[in-house]
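Listed in order, the protein sequences are those of chains A and B. Residue numbering for the first sequence follows this note's numbering, beginning at 71 and increasing consecutively. Residue numbering for the second sequence follows this note's numbering, beginning at 148 and increasing consecutively.
Simulated from the structure, these hints should not be mistaken for lab results. Fair warning: there could be bad hints in the mix.
[To be verified] Away from chain B, derived, C-beta distances all over 12 Å, residues of chain A:
| hint | residue |
| --- | --- |
| 1 | G100 |
| 2 | F107 |
| 3 | L111 |
| 4 | W126 |
| 5 | I198 |
| 6 | L249 |
| 7 | G290 |
| 8 | S306 |
| 9 | R318 |
| 10 | I354 |
| 11 | L383 |
| 12 | E393 |
| 13 | I400 |
[To be verified] A few chain A residues that don't get close to chain B, going by computed Cβ distances all over 12 Å:
| hint | residue |
| --- | --- |
| 14 | D119 |
| 15 | L136 |
| 16 | M147 |
| 17 | L224 |
| 18 | E310 |
| 19 | L321 |
| 20 | A327 |
| 21 | L380 |
| 22 | R389 |
| 23 | F407 |
| 24 | L408 |
[Said to hold, decoys possible] Restraint-style ranges between C-beta atoms, simulated for each label pair:
| hint | chain 1 | residue 1 | chain 2 | residue 2 | range |
| --- | --- | --- | --- | --- | --- |
| 25 | B | L382 | A | Y357 | 18 to 26 Å |
| 26 | A | L202 | B | F213 | 53 to 61 Å |
| 27 | B | S463 | A | F132 | 31 to 39 Å |
C-beta atoms are modelled at their ideal positions from N, C-alpha and C, and glycine is treated no differently.
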Amino acid sequence: MATHSNGEGAEASAKKLRTRPLAASVILLGGLALLAFSMALSISIGAKDIGLSVVWEAIRHFNPDLTDHQIIRSLRMPRTLACALTGAAFAVAGSVMQGMTRNPLADPGLLGINAGAGFMLAISFAFIPHLLFNQLIWLSFAGAAGATALIYGLGSLSRGGLTPVRLALAGSAISALLLAISEGIALKYRIGQSLDFWLFGGAAGVRWAQVDVILWWIGGGLLVAMVLARYITLLSLGDETAAGIGVRVGLIKFVGAIVILILAGASVAVVGFVSFIGLMVPHITRYLVGVSYRWIIPCSAILGALLFVLADLGARMVRPGSETPVGALIAIIGVPFLLYLARREGREL
Amino acid sequence: MAAKSIYAASDTKRRAKAWSTVVGLALLVVVVFVISMNTGYIRLSPLDVGRTLFGFGTDKQELILFQFRLPRIVISVLVGAGFALAGCILQGITRNPLADPGLIGVNSGASLMVILFVALRPSISASPPYTLPFLAFLGAAGAGAAVYFLAYKRSDGVSVLRLVLVGIAVQAGISAAIIVLTQRLNPEQYQFAATWLAGSLWGANWKFVLTLLPWMAVFVPFVLSKARTLNVLSLGDQLSVGLGARLQRERLLLLLAAVALAGSCVAVGGAISFIGLIGPHLARRLVGSRHEILLAASALSGSVLLIAADTISRISDTPTGIIVAIIGAPYFIYLLARAK
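If we strip away everything but chain B, and leave its shape as in the complex, we get (with noise of 0.2 Å):
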């Protein structure tokens, strides 16, 4: 008896130490979201961003911060959450602690639709805007199914090994594709498919963050609300079908919650890889494997990386998904070498 409450009593701390670590993360989004409004090709001090926000800034300064800084950090906000949530998923279901949302060939299949886009379509800039992300959005889910598919077997459903498998094959199969489509291209449309492939938040205006709100407002409520089902669902095929038998069921729902995610957000961010892979490890080790904590956790540290590298991106001129490439590949190394 005793011992039960002690246990419980720990259990409880640890949990509030937890939801306390989330509000740390919480509080980090805000503070990085205020350095990168700082931050640009004109640096506005905090103070003029405050009188900016408050509608005492000049017409220059709103022009800046209200039409090309707010809305990329915006964008940056809920494409990093939406790459972590997506990672997280497929961690929990492939119980595999390297899958990443690249994995099941979202960021190949919207790739292939934007180059064969570009390569059928002479001009870019005369389609409407929304044209180039849902192609891409297709891509994603198309590729997504491809891989679900290819992965499933009557006998036993999807199992995980054939899932990685499945999903490195077609990923190398869509860029061998690619590779063929590139070389049809003039260079000034390589150089916009290239820029895109490389990852750059290129739809940095509120009509983007328009397109990506509805696809957020549905699906991250619904994988909150699934936290139990991955907490199961990670601790194994056995285990779990053991404890029901709608294993099957709600992996599916589950890998489309992540392919609807990722892939929204590939079509509005380019194809980022590694902050599905980092956000919820950071957020793992900070706040532990319960999922309905982790996955909040998650979501906050993809945000808090994905601004940041875009910060670092626009000081530089560099596309964001390689200095997210170059941020997160020494801490990717650094998990695969301390694997189990």
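Bound conformation, chain A alone (with noise of 0.2 Å):
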């Protein structure tokens, strides 16, 4: 396969193989940098302001008697914590699944994987409201099997199987039509307004009891995404020369889905719907550090977690005292992107 390639061709493909370590390691580490500033910052920022010198006695010597230190323990920290987790795990999701299916459009939200783990919790919100959390999860794990099951199986059935488009535009349609049954089910509940927030992304309500849980379910996914990485790389190549080199592409792909499922999943049983995050951010990090998911998977970490942590800085900053679904926030960020991509088609698509 890839050995009747020309001298032009294979040129062409030296370019597009670069990978940047030194642009990565400078991502990685002031990227840790940043996000350790923006969540400090995201602490201390919010209904009542607290100085950055506080959060961090807070956080150093934490005193039960003081309402700051408990504002910035019980509220802030887990929330701020929430997002950092989710974003990452969003970004590398979309990774993972960029580079397994070579499809540029791939994100958990655009294809409907959210919008499976959405429904469930749709479902378990209107008649087994008393769930908790840990038992919630799974739920949401089903349902985004569930959803990504069904696009598996479409890519499978259908001849000639998917194409990017047809992938984005089956997607939408099963985002659309779950959202509807989930929003039916909204209306006959009348938990309608509540479920809308949670539909379009927020962290306004997440306690320690969540993050607990989702720290080890996406601290897990992130540790294998990054020990497959190297197979992502090879498979972003092409199925039949990541099998000629030798790689199991099924198993890799299998292993490959699951850690989608649970990152996805556990993302969206904690802040709701997130599109974009996972479309957006392996984009700018391919553009910014190669192509190696090496490097890919670790930054697109990093920059996932930045910028939802910012995101959730904005959202209550947008309209003070109220908030505003962080979730909306970033597809009206990530629509022009999206735009952009649907413009320079042919080139990618």
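Put the two chains together into one complex; each comes in its own frame, and the hints tell you how they fit.
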């Protein structure tokens, strides 16, 4: 397969295959510092602004008698941590999807995986409202798995496979359908406005109980994604090429799908529907660090976390005193990006 | 020579069969229409319906039939046909069997205007009854235009791929804006907006039938007259450019017609998806892909589907759009699975 490419093609692919370890290191170190700073900022700014020194104090020497310390410990910290974790998770899920499917439009939101998780959560809100979070998260996984199975199944059933555009169309239709039914349930049980907030993303109500659960799931998912990174780079060159080198394509794709499910499912269970992080961040990262997923995955994680923490901060500042759903804010940032991809189609699609 | 006449004979036969299917569909519309007239909170027997129609019913029966049920059913017929025709046009010109009026942004554009209106006006009932459909139509047309211009490039006009992607992007953007707005609504406004968004034939009285009719009267014949153009366009860009250079102009005209039809239907019927997707599909399976017959069959299938869904929605007290989604989804998934 790879052997009969002419000189020009080889040159072009060599250009495409460039990696930039230096840029990646800068992103990793600088990004981490920036992330730490914006997380501190996010903890400090809110309905009641609390100085950074008090934040530091509350983390180092927690004093339960001080209200500020209480706010920081029980409200702001879990919220900020949840944003960082889920931002990283959505971005890495998108990277893994884009790498494995070689589909530039792959994103857990656009392809309906978020909607699948959300649909199951809507059902549980309406019919079994008193579930504990660590039970709820399994439903979220199941929903995400259902939607993924639907899309994978469609891909393998349809003749000629799913092209990027067909996949995007299928995903948006499946999302629309699951949302319609979720909203029908919401209307019938009058849980609409509370469900809506969560349907469109928000970390406002996150508490430690949830963070404690997702920490393990998302941490584990990110770790496995890192282990897979080498194989994902090979898969991004094409299934045949990868198989030719000796990659067990089926196995890697299966494990990759599980990782995507866990990352997206756990994130949706905490912060609701957030699309576009998984679409934008991997593209930007690839542009900055080159084609090796060993760099793309950790850098995506950091940039995704940074984006989500900052967006959450922005969502709180749009109208002080009330919450704007952060998912909507990210979509408003992400739509021009999707339009840009749409307008330069042909080169990549 | 002999071979040619055999071909012609089988073609005539096939066409006759397709037309008889269309007649069958029309009869089915009538049957579902009658069943729908009988069904509701208060059941009217077919005999009662007949008697009432000819002016021999009780006052109560007349009130139910003429003021509540009949306008709603007529709206279903028109809206179902309008969505399905718009879907049929879009599937033809994008050559994408999964295209649907929602794709060109009309549903989300209309929804945005409705939410804006609800958010800015404290009382919905105080404004003139035409305001909401008019605004919804403006929103639908605006979003349709935005999708068209964003998908337009000077080098090659509007490509199918760009239309699809831009449509998805515009929808995502408008949905985000809607969500930001709904957070400001009070619970009563929210319930109205959510019901509208879920697609319910809320404007079910004769005034809205009269609002919708002129649009249908202009655009349905126009679309039917463009059947041949659609046949050519559905062959693909290269081929149809070879057959005549006015490709872009014809495509724009047909897109405008699709926006006008879907936009006016969204304005009256609410954001109902899937009819525009599934109506044309059912029709294509029944009568094949010649637009002369396909367009008529699509319109009729759309009507049947929507009257049936609306009847179920009246019995079950669930918005029509959700019933349509629940019926339409499994069929859609089946279509995706077997699409080439």
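Taking the shortest Cβ-to-Cβ distance between A:M147 and chain B, state whether it exceeds 12 Å.
holds, 25 Å
Say whether it holds or is violated: A:E310 keeps its Cβ farther than 12 Å from all Cβ of chain B.
holds, 22 Å
18 to 26 Å as the expected CB spacing between A:Y357 and B:L382, which holds or is violated
violated, 38 Å
Are A:L202 and B:F213 spaced within 53 to 61 Å by their CB atoms?
holds, 55 Å
Please verify that the nearest CB of chain B lies beyond 12 Å from A:A327's CB.
holds, 19 Å
Find the nearest Cβ of chain B to the Cβ of A:F107 and say whether that gap is larger than 12 Å.
Holds, since 28 Å exceeds 12 Å.
Beyond 12 Å from every chain B Cβ - status for A:L224
Label violated. Min Cβ-Cβ 5 Å, cutoff 12 Å.
Compute the least Cβ-Cβ separation between A:L408 and chain B, then decide whether it is above 12 Å.
Since the minimum Cβ distance to chain B is about 4 Å, A:L408 lies within 12 Å and the statement is violated.
In terms of Cβ atoms, is chain B entirely out of 12 Å range of A:L249?
Answer for A:L249: violated, closest chain B Cβ roughly 9 Å.
Distal placement of A:I354 relative to chain B, Cβ over 12 Å
Consistent with the label, A:I354 stays out of reach of chain B, its closest Cβ about 17 Å off (over 12 Å).
Nearest-CB test (12 Å) between chain B and A:L111:
holds, 23 Å
Verdict on A:L380 as a residue remote from chain B, using beta-carbon distances over 12 Å:
holds, 17 Å
Checked against the numbered hints given earlier, the structure breaks hints 6, 12, 13, 17, 22, 23, 24, 25, 27 and satisfies all the rest.
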